[in-house]
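Trainee: Take any residue in the sequence shown, count from 1 to its spot, add 84: that is its number in our numbering.
Hints listed in this document are in silico derivations from the structure and should not be mistaken for laboratory results.
Because the structure is a prediction, the values reported are computed rather than measured.
Be aware that one or more of the hints could be misleading.
Quick list of in silico lysine-lysine cross-link-like pairs, BS3-like style, CA-CA up to 25 Å [said to hold, decoys possible]: (1) K254 - K276; (2) K254 - K194; (3) K263 - K165; (4) K254 - K214; (5) K276 - K291; (6) K291 - K194; (7) K194 - K165.
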Amino acid sequence: MPFSGKRLSDYPGNRTVYGAIYHNGVRIDDGIAAVFRAPHSFTGEDTVEISCHGGIVLAQTVLESAIASGCRCAGAGEFTKRAFLNGKIGLSQAEAVMGLIDAASLESIKLSSAQSRGVLAAEISRLREKLTGIIASVYAYIDYPDEDLTDMTPDELLSGISGLRREAEKLLSTYRTGKAVCEGIVTAIVGKPNTGKSSVLNRILGKDRAIVTPVAGTTRDTVEETVCVGRVTLRLCLTAPGLCLPFSTFHRRRMTGTGK
């Protein structure tokens, strides 16, 4: 409840309101409500964001109070879905939101942030417009061959298509790099049994993630961890078993998994 006595529904957009938060009639905290009016919000709808003091129990109680007042919990990705359906963001920007949430390094944050601002969408739109112009020139030449309706010669047309293809291929080539930055480079720790693979993993992580014993074959399943080394994210995979001659069908299957 705002200390001003007004209801939140009476406030215009782009306003922050200071007030008290009640639960079952008891004042439990003071907080700030940020009011946004459509279409000037992330989802393009009327929205209120409530900020309270930190703490799991307090935040949970505030949520329960909101639900008791008629609200419901948003589904997974629902805010992003609403923003997409309401035309506030494009598909690539929606994917970038998840990239920001799952980012494991500063580089992946930078990449996802640029994508969320529409950098990729703008580049694709630019290429589409150039292609549309070329197609229009081709149609004009086909439909009216005796008319001078296009200012492009056949050589210039072919040159434009070749240039557009190079730009598209260059943009496409950034996908693998971007995927590695966001998801991490898959890095397998491979070697013969009992040669210290688990010790290497633990040393890189700075913690005991894999069991280390003098007995060969202690690691029975593949162990995966993500770690940032400088500006690079690595998805470390400790393979099991080590590389050696298989002595049973089970061991042969595990060796096949190591090869993959």
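Trainee: None of the hints should be skipped; say for each whether it holds.
Mentor: How the hints compare with the structure:
1. K254 - K276: violated, 40 Å
2. K254 - K194: holds, 20 Å
3. K263 - K165: It holds: about 22 Å lies between the C-alpha atoms, which stays within 25 Å.
4. K254 - K214: holds, 16 Å
5. K276 - K291: holds, 22 Å
6. K291 - K194: violated, 28 Å
7. K194 - K165: The given pair, whose Cα atoms are some 22 Å apart, holds under the 25 Å limit.
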